[in-house]
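For the record, the sequence lines run as chains A and B.
The numbering used here puts the first residue of the first sequence at 1, with every later residue one more than the last.
The numbering used here puts the first residue of the second sequence at 1, with every later residue one more than the last.
Read the hints as simulated data drawn from the structure, not as lab findings.
A few of these clues could be false.
As the list claims (entries may be wrong) - Far from chain B, some chain A residues (derived; all Cβ distances over 10 Å): (1) P39; (2) G111; (3) V166; (4) S252; (5) S337; (6) G356; (7) E372; (8) E433; (9) R438.
Stated by the list, open to error - Partner residues are not named here, just some residues of chain A that face chain B (Cβ under 8 Å, in silico): (10) S24; (11) P33; (12) V37; (13) K53; (14) L56; (15) T112; (16) V280.
Note that the Cβ used here is the ideal one computed from N, Cα and C, for glycine as well.
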Amino acid sequence: MEYEAIIGLEVHAQLLTESKIFCSCSTKFGARPNSQVCPVCLGMPGVLPVLNKKALEYAIRAAVAMNCEISPRSRFARKNYFYPDLPKGYQISQYEEPLSKNGWLEIETNGTRKRIRIRRIHLEEDAGKLIHEYSRDWSYVDLNRAGVPLIEIVSEPDISSPEEAVSYLKKLRSILMYIGVCDGNMEEGSLRCDANVSVRPRGSRELGTKTEIKNVNSFKFVQKALEYEIRRQIAVLESGEKVVQETRLFDSNRGVTFSMRSKEEAHDYRYFPDPDLLPVVIDEEWIKEIKNTLPELPDARKERFINQYGIPSYDADILTSSREVADYFEECVKHYSKPKTISNWIMTEVLRELKGEENIKNFPVTPEKLAELLKLVDNGTISGKIAKEVFSEMVVTGKRATHIVEEKGIRQISDEAEIERIVSQVIENNPNEVARYRAGQEKLLGFFVGEVMKATKGKANPRLVNEILRKRLSQ
Amino acid sequence: MKITRETVLHVAELGRLEFNQEELEKFTEQLGRILQYVEKLNELDTRDVEPTFHVLDVSTPLREDVVESWLTQDEALENAPHREEGFFAVPKFIED
Chain A
1 MEYEAIIGLE
11 VHAQLLTESK
21 IFCSCSTKFG
31 ARPNSQVCPV
41 CLGMPGVLPV
51 LNKKALEYAI
61 RAAVAMNCEI
71 SPRSRFARKN
81 YFYPDLPKGY
91 QISQYEEPLS
101 KNGWLEIETN
111 GTRKRIRIRR
121 IHLEEDAGKL
131 IHEYSRDWSY
141 VDLNRAGVPL
151 IEIVSEPDIS
161 SPEEAVSYLK
171 KLRSILMYIG
181 VCDGNMEEGS
191 LRCDANVSVR
201 PRGSRELGTK
211 TEIKNVNSFK
221 FVQKALEYEI
231 RRQIAVLESG
241 EKVVQETRLF
251 DSNRGVTFSM
261 RSKEEAHDYR
271 YFPDPDLLPV
281 VIDEEWIKEI
291 KNTLPELPDA
301 RKERFINQYG
311 IPSYDADILT
321 SSREVADYFE
331 ECVKHYSKPK
341 TISNWIMTEV
351 LRELKGEENI
361 KNFPVTPEKL
371 AELLKLVDNG
381 TISGKIAKEV
391 FSEMVVTGKR
401 ATHIVEEKGI
411 RQISDEAEIE
421 RIVSQVIENN
431 PNEVARYRAG
441 QEKLLGFFVG
451 EVMKATKGKA
461 NPRLVNEILR
471 KRLSQ
Chain B
1 MKITRETVLH
11 VAELGRLEFN
21 QEELEKFTEQ
31 LGRILQYVEK
41 LNELDTRDVE
51 PTFHVLDVST
61 PLREDVVESW
71 LTQDEALENA
81 PHREEGFFAV
91 PKFIED
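Given the sequences, and given the hints that come with them, work out the whole structure.
Next comes the structure, spelled out in structure tokens:
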């Protein structure tokens with residue numbers, strides 16, 4: 001039987017505020033444990049939470065960017081459960097009246113576009129961090145993260161393959177980073193993903209029993225965890241058994257998901273409105289103001305790149321997935337008017353050297369310097385191949401292309417007389433090959449080009465070499 | 001809604017509470033009475049009334065996003081029954 005998968009994702013994104021959501025403690029990552037805490041986030045009696053305006057603004061920003069409706073009035077609720085990373089015994093979250101609802105974003109997989117609906121985006125506080133590895137008998141608790149602002153973005157179950165799930169996550173991350181509300185760092189946990197997945201016979205209307213895979217924290221693992229879980233569920237159904245509704249974890253070493261077998265009671269969070277917090281009322285003016293300050297988002301920018309610069313959709317997609325890279329590209333275009341050439345260079349050389357798109361701001365090869373290098377190729381000073389070497393040198397030293405070319409004496413030989421002289425020598429040294437070429441083995445042209453290049457240490461202008469060789473060999 | 005002993009045990013479990021047989025009987029009876037008292041509200045037709053979560057019609061005040069330090073690590077851990085290397089330490093609760 002053929003099966004189809006139904007996937008919904010819950011993404012938690014840490015908001016880039018300076019202070020926590022309900023108190024003034026710092027949110028900085030990597031501080032000494034329990035050094036960024038206060039009576040509010042430690043859950044001491046008698047304290048009251050006060051909402052961080054920036055956190056609310058960022059949440060609205062994200063919701064607007066993902067086409068959500070903002071509720072004029074929303075409310076915080078307590079989600080009650082006991083766990084050592086949760087000092088108060090409840091997490092302040094939103095339940096019945098979330099900040100925003102009914103959004104969507106568009107993904108593209110294998111050339112097909114699809115809209116994934118977003119059920120809701122709400123605000124909540126993060127829990128602390130637990131460390132189990134330091135001691136045999138104790139679990140360590142660091143509450144620096146407790147109270148850091150999060151948004152939870154819940155998709156509708158519109159995703160039907162692991163590829164789509166990854167594509168959705170990438171788009172989500174890209175938007176959050178574009179609008180500057182989240183740094184998107186999955187390693188540090190700024191972006192975390194839980195996946196709900198079920199399978200059913202293709203074409204069936206009924207939903208299968210779903211499992212939830214918790215905390216899969218890289219694009220690769222999301223793909224692998226979902227692939228495994230879908231295979232597993234199909235195997236369970238094929239063997240005539242039933243999928244058990246449960247929470248599972250992904251073991252990235254073995255590439256499998258396994259049941260958490262939690263002794264917790266079935267989810268019974270006893271949500272109720274938090275009496276310590278008043279309703280959040282958002283006026284239309286504020287939403288408008290936030291809308292007006294949104295930057296051009298990835299999809300719009302991609303379309304513009306295709307139309308304005310005439311580059312292929314594939315290129316535009318890669319260039320616009322990071323705001324910084326897109327900025328870099330546009331800056332280059334200002335100094336050098338061949339967008340496709342720039343795009344090729346960015347997608348290969350630049351992105352390879354970058355090691356993380358966020359590093360482009362401090363990249364030694366600035367747009368202006370890259371433009372200068374490309375102009376040297378255009379005016380025949382160096383060949384495209386040499387340009388790549390010069391580029392690598394620029395990355396290391398930060399020097400200008402012209403300096404490197406002068407310093408190393410790698411200026412291209414475009415002097416026809418000199419190339420003629422070298423070509424004569426090559427022809428003289430290889431009489432056999434010349435005879436074979438003239439007898440019709442024109443493939444040998446490559447051999448001659450290689451010889452000339454060898455003789456000039458790659459500095460001969462390839463176009464001239466080809467031209468002169470052809471002319472001389474056919475005489 | 002009728003409060004059964006099972007309900008009380010369930011809630012106790014969620015709240016990590018323990019009590020003896022005698023207390024269980026007592027709480028079941030007491031909780032039942034409290035709910036019965038509140039049941040009285042059901043005599044009113046509230047179909048067109050918005051639930052009241054706060055008696056005052058005000059919205060939440062907002063705080064500017066400014067960092068302030070409150071406690072040192074030492075102060076934060078002062079009341080902890082057990083601490084190790086700057087962490088609160090709790091009996092290990094995860095099976096390997």
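Now the hints, each set against the structure:
1. P39: violated (7 Å)
2. G111: Holds: least Cβ distance 42 Å, greater than 10 Å.
3. V166: holds (29 Å)
4. S252: holds (17 Å)
5. S337: Holds: least Cβ distance 43 Å, greater than 10 Å.
6. G356: holds (27 Å)
7. E372: With a cut-off of 10 Å, E372 of chain A remains clear of chain B, as the shortest Cβ separation is near 42 Å.
8. E433: For E433 of chain A, whose nearest Cβ neighbour in chain B is about 69 Å away, the distance exceeds 10 Å, so it holds.
9. R438: holds (77 Å)
10. S24: holds (4 Å)
11. P33: holds (4 Å)
12. V37: OK, holds: V37 of chain A within 8 Å of chain B, min 5 Å.
13. K53: holds (4 Å)
14. L56: Since the shortest Cβ distance to chain B is 7 Å, the answer is holds.
15. T112: Nearest chain B Cβ about 41 Å off; hint violated.
16. V280: holds (5 Å)
The earlier numbered hints that this structure contradicts are 1, 15.
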